[in-house]
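Undergrad: Spelled out from the first residue to the last, the chains are:
Protein chains: 2
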Amino acid sequence: MNIILLSGGSGKRLWPLSNDVRSKQFIQIFRTKDGSYESMVQRVYRQIKKTDADAKVTIATSKTQVSEIHNQLGEDVGISVEPSRRDTFPAIALAASYLADVQGVEPEEPVIVCPVDPYVEDDYFEALKEMEKFAAKGGADLFLLGIEPTYPSEKYGYIIPESADRVSAVSTFKEKPNADMAAEYIRRGALWNGGVFAFRLKYVLDKAHEQVDFTDYHDLFAKYDLLSCISFDYAVAEKEKNIRVMRFAGQWKDLGTWNTLTEAMEENSVGDATMNETCKNVHIINELNVPVLAMGLHDVVISASPEGILVSDKEQSSYIKPFVDKLDQQVMFAQKSWGSFRVMDVEEESLTIKVTLKAGHNMNYHSHKNRDEVWVVTAGTGRTIVDGMEQEVKAGDVITMQAGCRHTIIAESELKLVEVQLGREISVHDKQKYALEY
Amino acid sequence: MNIILLSGGSGKRLWPLSNDVRSKQFIQIFRTKDGSYESMVQRVYRQIKKTDADAKVTIATSKTQVSEIHNQLGEDVGISVEPSRRDTFPAIALAASYLADVQGVEPEEPVIVCPVDPYVEDDYFEALKEMEKFAAKGGADLFLLGIEPTYPSEKYGYIIPESADRVSAVSTFKEKPNADMAAEYIRRGALWNGGVFAFRLKYVLDKAHEQVDFTDYHDLFAKYDLLSCISFDYAVAEKEKNIRVMRFAGQWKDLGTWNTLTEAMEENSVGDATMNETCKNVHIINELNVPVLAMGLHDVVISASPEGILVSDKEQSSYIKPFVDKLDQQVMFAQKSWGSFRVMDVEEESLTIKVTLKAGHNMNYHSHKNRDEVWVVTAGTGRTIVDGMEQEVKAGDVITMQAGCRHTIIAESELKLVEVQLGREISVHDKQKYALEY
Numbered sequence: 031m032n033i034i035l036l037s038g039g040s041g042k043r044l045w046p047l048s049n050d051v052r053s054k055q056f057i058q059i060f061r062t063k064d065g066s067y068e069s070m071v072q073r074v075y076r077q078i079k080k081t082d083a084d085a086k087v088t089i090a091t092s093k094t095q096v097s098e099i100h101n102q103l104g105e106d107v108g109i110s111v112e113p114s115r116r117d118t119f120p121a122i123a124l125a126a127s128y129l130a131d132v133q134g135v136e137p138e139e140p141v142i143v144c145p146v147d148p149y150v151e152d153d154y155f156e157a158l159k160e161m162e163k164f165a166a167k168g169g170a171d172l173f174l175l176g177i178e179p180t181y182p183s184e185k186y187g188y189i190i191p192e193s194a195d196r197v198s199a200v201s202t203f204k205e206k207p208n209a210d211m212a213a214e215y216i217r218r219g220a221l222w223n224g225g226v227f228a229f230r231l232k233y234v235l236d237k238a239h240e241q242v243d244f245t246d247y248h249d250l251f252a253k254y255d256l257l258s259c260i261s262f263d264y265a266v267a268e269k270e271k272n273i274r275v276m277r278f279a280g281q282w283k284d285l286g287t288w289n290t291l292t293e294a295m296e297e298n299s300v301g302d303a304t305m306n307e308t309c310k311n312v313h314i315i316n317e318l319n320v321p322v323l324a325m326g327l328h329d330v331v332i333s334a335s336p337e338g339i340l341v342s343d344k345e346q347s348s349y350i351k352p353f354v355d356k357l358d359q360q361v362m363f364a365q366k367s368w369g370s371f372r373v374m375d376v377e378e379e380s381l382t383i384k385v386t387l388k389a390g391h392n393m394n395y396h397s398h399k400n401r402d403e404v405w406v407v408t409a410g411t412g413r414t415i416v417d418g419m420e421q422e423v424k425a426g427d428v429i430t431m432q433a434g435c436r437h438t439i440i441a442e443s444e445l446k447l448v449e450v451q452l453g454r455e456i457s458v459h460d461k462q463k464y465a466l467e468y
Numbered sequence: 031m032n033i034i035l036l037s038g039g040s041g042k043r044l045w046p047l048s049n050d051v052r053s054k055q056f057i058q059i060f061r062t063k064d065g066s067y068e069s070m071v072q073r074v075y076r077q078i079k080k081t082d083a084d085a086k087v088t089i090a091t092s093k094t095q096v097s098e099i100h101n102q103l104g105e106d107v108g109i110s111v112e113p114s115r116r117d118t119f120p121a122i123a124l125a126a127s128y129l130a131d132v133q134g135v136e137p138e139e140p141v142i143v144c145p146v147d148p149y150v151e152d153d154y155f156e157a158l159k160e161m162e163k164f165a166a167k168g169g170a171d172l173f174l175l176g177i178e179p180t181y182p183s184e185k186y187g188y189i190i191p192e193s194a195d196r197v198s199a200v201s202t203f204k205e206k207p208n209a210d211m212a213a214e215y216i217r218r219g220a221l222w223n224g225g226v227f228a229f230r231l232k233y234v235l236d237k238a239h240e241q242v243d244f245t246d247y248h249d250l251f252a253k254y255d256l257l258s259c260i261s262f263d264y265a266v267a268e269k270e271k272n273i274r275v276m277r278f279a280g281q282w283k284d285l286g287t288w289n290t291l292t293e294a295m296e297e298n299s300v301g302d303a304t305m306n307e308t309c310k311n312v313h314i315i316n317e318l319n320v321p322v323l324a325m326g327l328h329d330v331v332i333s334a335s336p337e338g339i340l341v342s343d344k345e346q347s348s349y350i351k352p353f354v355d356k357l358d359q360q361v362m363f364a365q366k367s368w369g370s371f372r373v374m375d376v377e378e379e380s381l382t383i384k385v386t387l388k389a390g391h392n393m394n395y396h397s398h399k400n401r402d403e404v405w406v407v408t409a410g411t412g413r414t415i416v417d418g419m420e421q422e423v424k425a426g427d428v429i430t431m432q433a434g435c436r437h438t439i440i441a442e443s444e445l446k447l448v449e450v451q452l453g454r455e456i457s458v459h460d461k462q463k464y465a466l467e468y
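Going down the list, the protein sequences come from chains U and A.
Those letters in the first sequence? Residues 31 to 468, by the working numbering.
Those letters in the second sequence? Residues 31 to 468, by the working numbering.
Think of the hints as simulated: they come from the structure by calculation, not from any bench.
Misleading hints may appear alongside valid ones.
Since copy identity is lost for identical chains, a pair holds within one copy or between any two.
Once the Cα atoms are required to be at most 25 Å apart in a straight line, the calculated SDA-like pairs of lysine to any residue come out as [what the hints assert, rightly or not]:
id: 1; residue 1: Lys310; residue 2: Lys356
id: 2; residue 1: Lys351; residue 2: Asp131
id: 3; residue 1: Lys63; residue 2: Asn289
id: 4; residue 1: Lys159; residue 2: Met419
With the rest of the complex left out, here is chain U:
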C-alpha cells in the first residue's frame, strides 16, 4: 500500500499541548499495551504497519514538523516537505510527485491519501486496503471514504451518494451545514466526507501537469507556489464525474478539541495527577514534573505543559482558539529529531534551557552574534567541538562559549545539559550554521 498521510498545521485548539512547533498529532496521550504512550501520528503509523507491513508511508507536511516526525517515527518514513503552506491540492500533488520520482512508485500503482489524525481502529485501514484494490481495478478514477454519520454534525462536509450500496456513485457534495441541514442530509442518506482519496498515481500527476509544467519532483518543488492554493475536494473531487464513495461504519473520531480528545483516552489522567472521589468526568494531562490535584470538578479537562495551564469545562474547550491567539508566548518546549529542549528560566539578559540529545545525535555546528553561552553537562558522555577544537565531555563538565564562537555537541550516550544563554538580545533567530569541520 502506498499511503500519503496529510499532516496538518499547528492547531491551537489543544493548547497548551499543541503550539507553534508542536501540532496535536504529536501529543503522546494514548496508552499502548506495553504501558507507554503514543501520539496520533504514532498510533496511525503503527496501525498502518499492522495492516500492511510493507506499506510505503509518505507524510506530506511542512519543514517545521520534519524533526518531530523523525523523533516519533524514526528515519525510515518518507517525508514530502512543502516549501510553503498552501492547501491540500498542492500538498497531494507534490507528494504524488515525490512518490513517483523519489520512491519509484509506478504511474499505474494505486495510492491512498488520508489525514494523519483520525482516531480509528484497524478496520479503518482494512477499508483503505479495499479502496486501494478498487483504485487498482480502475472502476473509477477517484474513490472517497464516506463515514456513516452518528449525529448531525456541523463540523464535517457531507457526500450524498446515489445509492445505499456499499460503493456508490456520488450525487452531490455538501459543505459543512448547520445542524438542521445536517439532519436533512442524513435523512437523504448522506455520509461524512472522511478526507480519504484513492486513485492511481498518474491521475493526480496529470491534474498537477494541467496546472504547472514540471519535469520531476524537484522541479515541482521549485514551482510549488504556482499550484493553486485550493483544497483537493474543490480542485479535483467535486469536479470528477468518474468518482465513487465507499461506506465505512466503523469507529471514526476527529480528535480536534479537548472534548473529543479526552473521550478517546483510556485513562482519566496522564502524568502526575490526583483526583478526589467527588470528581466526575475529569481528565488531567500533566506534562510537568509537579503534581496536579483536582477536587470536586465535573466535566473538566486540565492540561498542564511547559507552555501553560488550561482548566476548562469540556464543552467550552472548543472555543479556546481566540484566547490562545492572544497569549503572547515563547515556545517553552519542543521535541526535535535530535532530542528535546525545555526553557527553564527567562530573565531580561539570560535564558536557561535544558537540552536532551539522543545517543548518536548532535546539534548543528553554529554560532551566535549577540550572546555568550555556558553548557553544564548533567548526564551522559559525548564530544564538543568549539572553534574547531574537539574535546570529550561527561557529566560535570563545563563549556563556555563567547559570542561568535562556533560550537556543537555530539552525544555518544544520551546526553543532558543545562545551557545558560547570556546577552542583551537573546533570540532564536540569532544563529549562524556551518558545515562541521571534522
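Following the hints, complete the assembly by docking chain A onto the known chain U.
TA: Relative to chain U, chain A alone:
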C-alpha cells in the same frame, strides 16, 4: 503597644502555595494600594504600625519561619524562636520572657497576644488598643476578644459571657460544637473566641514560673520542653476567675481554606491568568511564569506554584489536607531572608536551581560531601569565596566547586545564578557550615 503575634505552623490547606517551609501567612495575595501584593503577616504588621507607629511587635514562631519573616518584614521585628513546636501556652510564656529580658518590657506593662493571620480591618487593632488599656488599668487579670458570630460555625471555640455588656465577665467556655449546638450557644449570647489575650506581662511570667523554675529568657529557652504542651486557653484562660471578654462586631475572617481566602481577594486573579466570559466565581493564583487559561468554570479555585497545581471546587477545597499529605514532595521554591530559590530541574544525578540573592546578602559559607556544584551568574555583581580565595563575579562568570570545597557568594547588587548540583546522593542535608574566613 506590646504585641505578640502567634505565627502558626506549616498549614497544608492552602497547598500548593503553603508547604513545609512556607506557611499560609506568607502567601503574597492581597493587593495593596500601590499595586503590589502583601501577605497576611505583612498586612497585619502594616495595620498594627498604622494603628500604633510605636508598637513593639514580637513574633512567636519556629526556627523554620525566621528567614521568611525577615524577608517579608525586614530586620526590625522581634522574633521569639521556639526551640521546638509545642502549643500556645509554652509559646506565649517564652515570648513573654523574651519581652521582659530581651526587649526590656516592664512586668507591669500590658501585653496583647494575637494570631498572625486574622483578616481584619483597622477597627480590630483599635479594639486591641482598648483591651490594652483595660489590661493596664487592671480591672481583671486577663481580657479576651469575643467576636460577634455571623453564623453557627463549627470551626471556632465559643465564649458565653455573663452579660450583653461591651465588656463582661465570662460565664463559660465551649469547645468547637456541631452546627446545632453552635446555634444554641448563639441564642444564649455566645461569642467566637478570637484567640486574643491581653494581660500585664507579669501575669504570664508568673504562670510560667508556676510550671518551671527559670532565671531569664535564655534559661527558659533551654528548659522549654519542661513547659506543658497545652494551649493557653486550657492552661490559663479557662481556669482564670478574674477574666473579662470584650465584644467585637467588626470584620473578622479566618482565611484558613481556599474558599475563605479567595473571598478576601480584591481581584479574581493574581499572576498570569485569563478567564473567558463563562467563568463565574473563579479565582486564579498563578505563581508560575506561564499563563493559566480558565474556561466555563463555576465556583472554582486554581492555584499554581512551583510545588504543584490545585484545581478545586471552592467548597471541596476545605477537604484538601489528606490529599496533600499523600503527595511526596520536594520543596521546589522558598523565600529566605537572603533571597529565594527555585528548583528548575531534577535528574537522578543532578539538580538545577535558580538562586536570587538580595543586594548585600550572602549564602552561608559551606561545603558538600557528596556533590560538585557549578554556578553560572546570570545577573548582578558580587564576590565569591572558594576555599578562602576571594574573587569578584558578574553576569556570565562560571564558578566550579568540587565536593568538599568551601564556598559562598556575596551579592553586591541583586544577584541571580543558576546552580547545577552534580552527584549520586544529592540531599539538602549534605551541608557543612563554616564561619566566614574574611
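Undergrad: Between Lys310 and Lys356, at a C-alpha cutoff of 25 Å, which is it: within one copy, between copies, both, or neither?
TA: between (30 Å within a copy, 21 Å between copies)
Undergrad: When no copy is named, should Lys63 and Asn289 be tagged within, between, both, or neither for a Cα gap of at most 25 Å?
TA: Close inside one copy (24 Å), not across copies (42 Å); limit 25 Å.
Undergrad: How would you classify Lys159 and Met419 at a CA-CA limit of 25 Å: within, between, both, or neither?
TA: neither (54 Å within a copy, 74 Å between copies)
Undergrad: Is the C-alpha distance from Lys351 to Asp131 at most 25 Å within one copy, between copies, in both cases, or in neither?
TA: For Lys351 and Asp131, the Cα distance exceeds 25 Å both inside one copy (39 Å) and across copies (65 Å).
Consistency note: the structure conflicts with the earlier hints numbered 2 and 4.
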